[in-house]
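The listed protein sequences correspond, in order, to chains P and L.
Here numbering that gives the first Met the number 0 is used: the first sequence runs in plain steps of one and ends on residue 383.
Here numbering that gives the first Met the number 0 is used: the second sequence runs in plain steps of one and ends on residue 335.
If you are wondering where the hints come from, they were derived from the structure by calculation, not from laboratory data.
Since the structure is predicted, the reported quantities are computational estimates derived from the model, not experimental observations.
Here a beta-carbon is modelled for each residue, glycine too, at the ideal position from N, C-alpha and C.
Just so you know, not all the hints are guaranteed correct.
One-sided excerpt, in silico: chain L residues whose CB lies under 10 Å from chain P [said to hold, decoys possible]:
(1) Ala158
(2) Gln240
(3) Phe334
Stretch-level coverage of chain P by chain L, calculated; a stretch enters the list once three of its residues show a Cβ under 8 Å from a Cβ in chain L [stated by the list, open to error]:
(4) 3-13
(5) 191-205
(6) 249-263
(7) 268-281
(8) 287-298
What follows is a list of derived Cβ distance ranges for each label pair [to be verified]:
(9) L:Ser40 <-> P:Pro64: 53 to 59 Å
(10) L:Phe211 <-> P:Ala48: 33 to 39 Å
(11) P:Gln210 <-> L:Gln210: 23 to 29 Å
(12) L:Pro320 <-> P:Phe327: 24 to 30 Å
(13) L:Ser137 <-> P:Thr276: 17 to 23 Å
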Amino acid sequence: MNALGSLAPTAIPPDDEALRAPVRAFLAEAVAALPPQVRARSWSGYDPAFSRELGRRGWLGLTLPPQYGGAGRSPFARYVLVEELLNAGAPVGSHWIADRQSGPLILKYGTDEQKRHYLPPICRGESYFCIGMSEPNSGSDLASVRTRAVRTDRGWTLSGQKIWTTYAHGCHYMIALVRTSGDAQDRHQGLSQVIVDLSLPGVTVRPIRDQSGDSHFCEVFFDDVALEPEALIGEEGRGWEQVTAELAFERSGPERLYSSIVLFDTWLAFLRSGVETPSAVRLAGKIVAALAPLRALSVAVTGKLARGESPIVEAALVKDLGTSLEQFIPAAIADDLASREGQSVPMELLLTLDYLTQVAPSFSLRGGTRDILRGMIARGLGLR
Amino acid sequence: METAMDDLFTDALRRWLTDQCPPDRVRAIEAGESHASLWESLEDSGFADALLPEERGGAGLSLQQVFPLLELCGAHALPLPLGETLLARAALAVARIEPPRGSVTLGEAVATADGGVRCDRASGGRVADWVLTCIDDSALLLPVREAQVRGAVFPLDAALTWSAATTCGAARFDAALDIRALLACVHAAQIAGALMNVCNRTLQYANDRVQFGRPIGKFQAIQHQLAVMAEHVIAARMAAQIGCRGDPTQLDRSRVAVAKARASEAALEVAAAAHAIHGAIGFTAEFDLQLYTRRLHAWRQAAGAESYWHDVLGAELLRQPDGPAFDLPRRLTEFH
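Could you build the full structure based on these sequences and the hints that come with them?
As structure tokens, then:
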């Protein structure tokens, strides 16, 4: 059976589910009072104090081994934690990438020295990472990256440029996909991943303002940056395989379902204030009918990751479905609110809607565009 | 042990369907040929008792274990109400009524002015022996052979009317059977099976059909349509499994709502994309695709289409006190 039949209903183990109540209680204190247009930013919200507080509570690096400061728990525990964080609209952006994928990547491919150096501060919420994949001329065609690390007698010299790097201006490190041999014609060969300390001389970070007015992503320039030999993470020349495995973690999590959930909750609260209509009820039901199977699919992919599988096609299916729903929610709620007459809609709800309307295009760009995912799915289904 | 039993049944039914229910048999029964021997063979194999407890001669499977059987009925376009019979017999067993010999479909019905019963669309009514229905918390088991039968839009369905006399003589028991939810649960699983079949057929066709010197599956426009189709298939299949949970005689209406709403949405999209990719050959009577896509439309329209079930879910969500909305989908997707 192909990927279509491989995702079975999966139970979150009770021990992991038990994490939900304390996390929810903490978030009710820490986050609930923030206005919805702020909470709507969620994994785009940058707040180091909040990240350190999560670290203090042992809620970062949940799946990393205790010897490196982690909690040694299963991916399901992290699923529960993240689901609560996102639904509350907690500002998780500062530690997000480090916790979600840089930490697991370093654990999987790093040397013991690298693990001891990088993982404990990630778990404390003190060390933040960004992902250096896209370049000005390498977007969807990631294998064409030109940023190059050249071996020297003292390590590597890095030169080139990355772009659309989320929170590079607030991160300590970037894990960059770079060319270490050959040239762009060699495609997937000759690529490697390096950890770049963004405080090094020769690194320039410039934030880019997006259409919502936020500056969460950046362009990053490397001007003959001298890297230590141990900046290489994993195997030289295996960068493409490493990046591909990393993307399965990146594509199937709760953050691909819940980007518009604070808006949905805020709109439901408005409906409950006595302005519910039959069409609004129907729309609410349509969203739940889409969300429930998606959530079950996302948990099922987590189950595969927990068993050590690499469900790349399944993760792509879930991400495309999930981001479609995330984009549908603001579009449909706008239609509902803007088709009423003689009712005043709370300003906070309108601001939340406006924010999501403006950032929604990014949902199906970040982590692999819709068109790239659909191509991967088609090949994964066995189209020759 | 239970899982093994479950797999055993699924494998056996798959073999039976492959042998006994090929597309030409489906066509013949749709065209009016007798279905009696096909049902006898099915009954002899014991599939229809899968939900009954072992002490009543059944296999003691749970609803979730029966999902693959329901899915297979859809995938093979079985022209008999096996899924309906499975659930009906479970309901009869709970009421301590000996299930009659023969197939039992489920029908939403109303009382007629003269004391009879009318069921405008009995799913598989033309090929069923009995109809289990429920009017005002009173369940009724009515014999199809004593009904006045009129055709319905789908050839295997029927509009049935029973006289007051027949209705009086029918087995009756107190039970608040939610016939619509039971049917929706069955149809959602059947849709999931038919969707998988249609998707796999369309993938195969895209690999085989050559135009402009290459298989049409090489074209990005076709690839993306197939990717979207696959997304609908996995979402609907998971939704249908969400519906097949718990006590089959006390279904959770919100879970069934997710199942039937999402499966119905997918039915429409997948049928449309499959026909678009197959081109003209796909909607000829001779080509098998229509056996499944016509069912997708019929099952989407039976027991409440997507908007009916969206309304159910929306009302449930708005009844929730303030609190994260995702608590509802979360509760509906807790599997134990």
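Going down the list of hints, with the structure as the test:
1. Checking Ala158 (chain L) against chain P by beta carbon gives a least distance of about 29 Å; that is not within 10 Å, so the hint is violated.
2. Hint on Gln240 (chain L) holds. Least Cβ distance to chain P is approximately 5 Å, under the 10 Å limit.
3. Evaluation of the Phe334 (chain L) hint against chain P yields a held restraint, the C-beta minimum of about 4 Å falling below 10 Å.
4. Residues of the region 3-13 of chain P lying with their CB closer than 8 Å to a CB of chain L number 8, which satisfies the three-residue condition for coverage.
5. Restraint check on the region 191-205 of chain P versus chain L: 0 residues with Cβ-Cβ distances below 8 Å, three needed, restraint violated.
6. Coverage of a stretch by a chain is defined here by at least three residues with a beta carbon nearer than 8 Å to that chain's beta carbons; for the region 249-263 of chain P and chain L the count is 3, and the condition holds.
7. A count of 8 residues in the region 268-281 of chain P with a Cβ less than 8 Å from any Cβ of chain L is obtained; the coverage claim is therefore met, three being the minimum.
8. Residues of the region 287-298 of chain P lying with their CB closer than 8 Å to a CB of chain L number 11, which satisfies the three-residue condition for coverage.
9. Between Ser40 (chain L) and Pro64 (chain P) the beta carbon distance is about 57 Å. The supplied range of 53 to 59 Å therefore holds.
10. Between Phe211 (chain L) and Ala48 (chain P) the beta carbons are some 59 Å apart, a value that contradicts the proposed interval 33 to 39 Å.
11. Hint check: Gln210 (chain P) to Gln210 (chain L), Cβ distance near 41 Å, so the stated range 23 to 29 Å is violated.
12. Distance hint check for Pro320 (chain L) and Phe327 (chain P): the Cβ-Cβ separation is about 25 Å, which falls inside the suggested range of 24 to 30 Å.
13. Take Ser137 (chain L) and Thr276 (chain P): their Cβ atoms lie about 35 Å apart, and the range 17 to 23 Å is violated.
Hint compliance for this structure: hints 1, 5, 10, 11 and 13 are broken, all remaining hints hold.
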